[in-house]
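Novice: These two chains come separately, so use the hints to put the complex back together.
Note that the protein sequences, when read in sequence, are chains A and B. This note's numbering numbers the first residue of the first sequence as 1 and each following residue consecutively. This note's numbering numbers the first residue of the second sequence as 1001 and each following residue consecutively.
Treat the hints with care, since some could be wrong.
Unchecked claim - In silico DSSO-like cross-links for lysine-lysine, where the CA-CA straight-line distance does not exceed 27 Å:
(1) B:K1201 / A:K211
(2) A:K204 / B:K1061
(3) B:K1050 / B:K1108
(4) A:K211 / B:K1208
(5) A:K91 / B:K1151
(6) A:K204 / B:K1151
(7) B:K1088 / A:K211
(8) A:K211 / B:K1070
(9) A:K117 / B:K1121
(10) A:K204 / B:K1196
(11) B:K1061 / A:K211
(12) B:K1149 / B:K1061
Don't read these hints as lab results, they were simulated from the structure.
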Amino acid sequence: MHILKSLKLIIYVFAIISLLTSNSKSTEECFEGTSRAIFKFNLAIDNIILEPIAKGYSKLPDPIKTGTGNFTSNISVLLSIPNNLLQGDFKKLGHSIGSFAINSTVGILGFLNPAEKIGLSPSKEDVGQTLGTYGFGPGCYLVLPILGPSTARDTLGILADTYIDPFAHVTLREKEIFSTSGNALDYYSVKATGVVDFRADNIKNFESLEKNSIDLYSSYKSIYLQDRENKISNSVNEQDEWGSLDN
Amino acid sequence: MGKFRQLKYLMKKISIFITLFIVFSHSILLAYSSDPAEFVNELVTEAISKLSDKNLNKEEKSSFIEKVAKENVDINALGLYTLGELRKTSDETIIGQYQRSFEKYFLKSLTSRLSDYSSSKFEVVGYDKKSSNYTIVNSQIIPGDGSPKIKIDWRIYTKNPDVPLIRDLIVEGLSLARTQKEEFASILNSNNNDIKILISKLEEFLKK
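So that you can see chain B by itself, here it is in the shape it has in the complex (with noise of 0.2 Å):
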């Protein structure tokens, strides 16, 4: 009976070792280099992969699109960074309740932008170590169809160097940080800024 109870307990050990190193293993294979050039080839190539897969539905695109986003890009500090001074004197309540929202903002019109995505070949051509904070990764895009190379640039904050973040798109030299970030100064300056105007503007298109 001890014996049993010892094999009982060996196996449920086995068991959930193997449980974890399915997980890990799993989770290893998800993650992504953490030298900034490999990190965005690793994942721009993951992704057209899976954009150009006809066997994926847009709802399965628009969720693999979601989960690479929400590990690899840092919403949080896109959004901040959005939201320009106001970050440093606003209520951090506030602050916390636009980040909700901005994240959920960002998310949606990603997802947008890439569902209609067509087949390009993406190659990473160099890259420009600006700080021990930030990388600039050079890349192109090019386009099936035969029409131009589009160049991406890409803002890669690496301060905990294992984990690599993504700041900033800069496509044929516009930072799509900066367009939002001025799109919502506008607002914001329109409406005594009051970032509860800029929330109901993001809920409102949300709701679309």
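So that you can see chain A by itself, here it is in the shape it has in the complex (with noise of 0.2 Å):
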């Protein structure tokens, strides 16, 4: 027990060195040696396990497989709300209360999702892009085993969503809300859940990547980086480097 909350606190202080360094650029790597060995141990896990798993998920019948998506997506939701109000977005505080609520009830513990068709639709957001609005810079990138692509200030948000993740304090901290308890088979069997059911959905996505890529580990780390970038702007970011390219 000593050790792990050593680690834990390891791990916290390099995360917040890590986010010091402000001026590092999310490219520059924490340690690519490392991080390139656990992306293959990661890839081999998702050939192994999470790929056969997440085809014969997606030979379920279409309602099995939206409902189950909508559960999911209505669980994250929950670590949504804390990070909208951190973030002081009250308009979309208000997209993920509704949704919630609604989807909770009507929508049938989440597996329907009625509130999308009254318009509300709640952005998923976690501590990351919070640290992220707050002009924290992603310090450096790593890989993480079975989570897969980061950075030291997402690593740091990971951490931190299982302490305002009203889920997670319900089901990992087994606190009562609402009367309301779990325990954290709870909690992982809806992540893994929700990381199925997105590998089902992209599984034609993965494997054109793998065929067409020559270096698949920077595929991987340009798609997050920019994926990041884009939820913490909440808006595309352009590209001007073509603005110099006039040929």
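Specialist: Take a look at the structure:
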């Protein structure tokens, strides 16, 4: 237990130090060799476990897949709510609360998505994004075992997410909110289902990327960093360098 | 005899005229609108129709994709963009060599990506003229299988307003050109910025 606490502390310190290097470019690596090795490990896990499960899952009837996707998305809105608040984005906060309330009740525990039909569209927000909106740079890039691509800021964010996410509070920490309780298994089951659902939705995209990349590690890195930039700015970032290419 | 020669000469002129007319009118039929939004709409609508045509085999579809890409994508500029700053400092001969390999690589990966195309609905939803050189055309694809809409933005180069060219596709906020550039940058960084190594990696891909 003591070792686990020390390990957590080391990770926090490492992440905070990395964050302080605000001038570092997002493309800089923390430790590329290790990240590439972890990336290979993750790919092997994906090939052996995740991809076969995702392929099996994708054969399920559409209503089951849609319902499962809705259910995990609805639970993830719980993490967006405190982050909307921390970002001071009250419009999105309204969308998140409204969507969760309607889908959890009228939408039968989130399996249906009636909130979308009335124009409520919550965006997924996490602590990494919130730190980004506060002006913290991504720090260096790294790949986490199982969890995949990340940055120093987002790694810190992942840990912080478990403290402010009401769902994690009820399940991982086994606290009771509004007479609702759960355990760690509930937490990991929902998260794993969300991962399988995402992987199943993107089977062709992953295959195409794998087939057409000459450095798959870098392709994933670029896609991850672009996605995070867009999520933090809540818009698509323009590529200015095209302006200088005039032939 | 003189009249016969004159008639023969006239027939030859008519024949050349007809041939040129057919070729010219055919090329007009193949060309897309010069308005960026219309250009994207016409190009993609035709591509969807061809790619979902069950009478065409894989080779015919691939050659169609290649032809359309060569005529409507600024592959040359895309190649230079993906090379980053090195394009400004490298020798022209090596750049030329890289451009040739890049074009082959681009066309191969493009045909590979589109060969498994499944029927979808496409619509242009707007555009944003960034400058006299660039217009971003916003579009969306609605997959036939009921999965969520996919947003695609097209960076259209309009320096020659009569011949718009595609320079980048931004799929759900992810720029394909930037992804390619960063992938190449990683290879170059770990190989002392040696473009020859990048070319050899591209050639390796082409052999697969």
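Novice: Run every hint past the structure and note whether it holds.
Specialist: Here is what the structure says about each hint:
1. B:K1201 / A:K211: Judged against 27 Å, a Cα distance of about 14 Å means the pair holds.
2. A:K204 / B:K1061: holds (19 Å)
3. B:K1050 / B:K1108: The given pair, whose Cα atoms are some 18 Å apart, holds under the 27 Å limit.
4. A:K211 / B:K1208: holds (10 Å)
5. A:K91 / B:K1151: With Cα atoms ~23 Å apart, K91 of chain A and K1151 of chain B stay inside 27 Å; holds.
6. A:K204 / B:K1151: holds (17 Å)
7. B:K1088 / A:K211: violated (30 Å)
8. A:K211 / B:K1070: Between K211 of chain A and K1070 of chain B the Cα gap is close to 22 Å, so the pair holds against 27 Å.
9. A:K117 / B:K1121: holds (21 Å)
10. A:K204 / B:K1196: violated (32 Å)
11. B:K1061 / A:K211: holds (19 Å)
12. B:K1149 / B:K1061: holds (24 Å)
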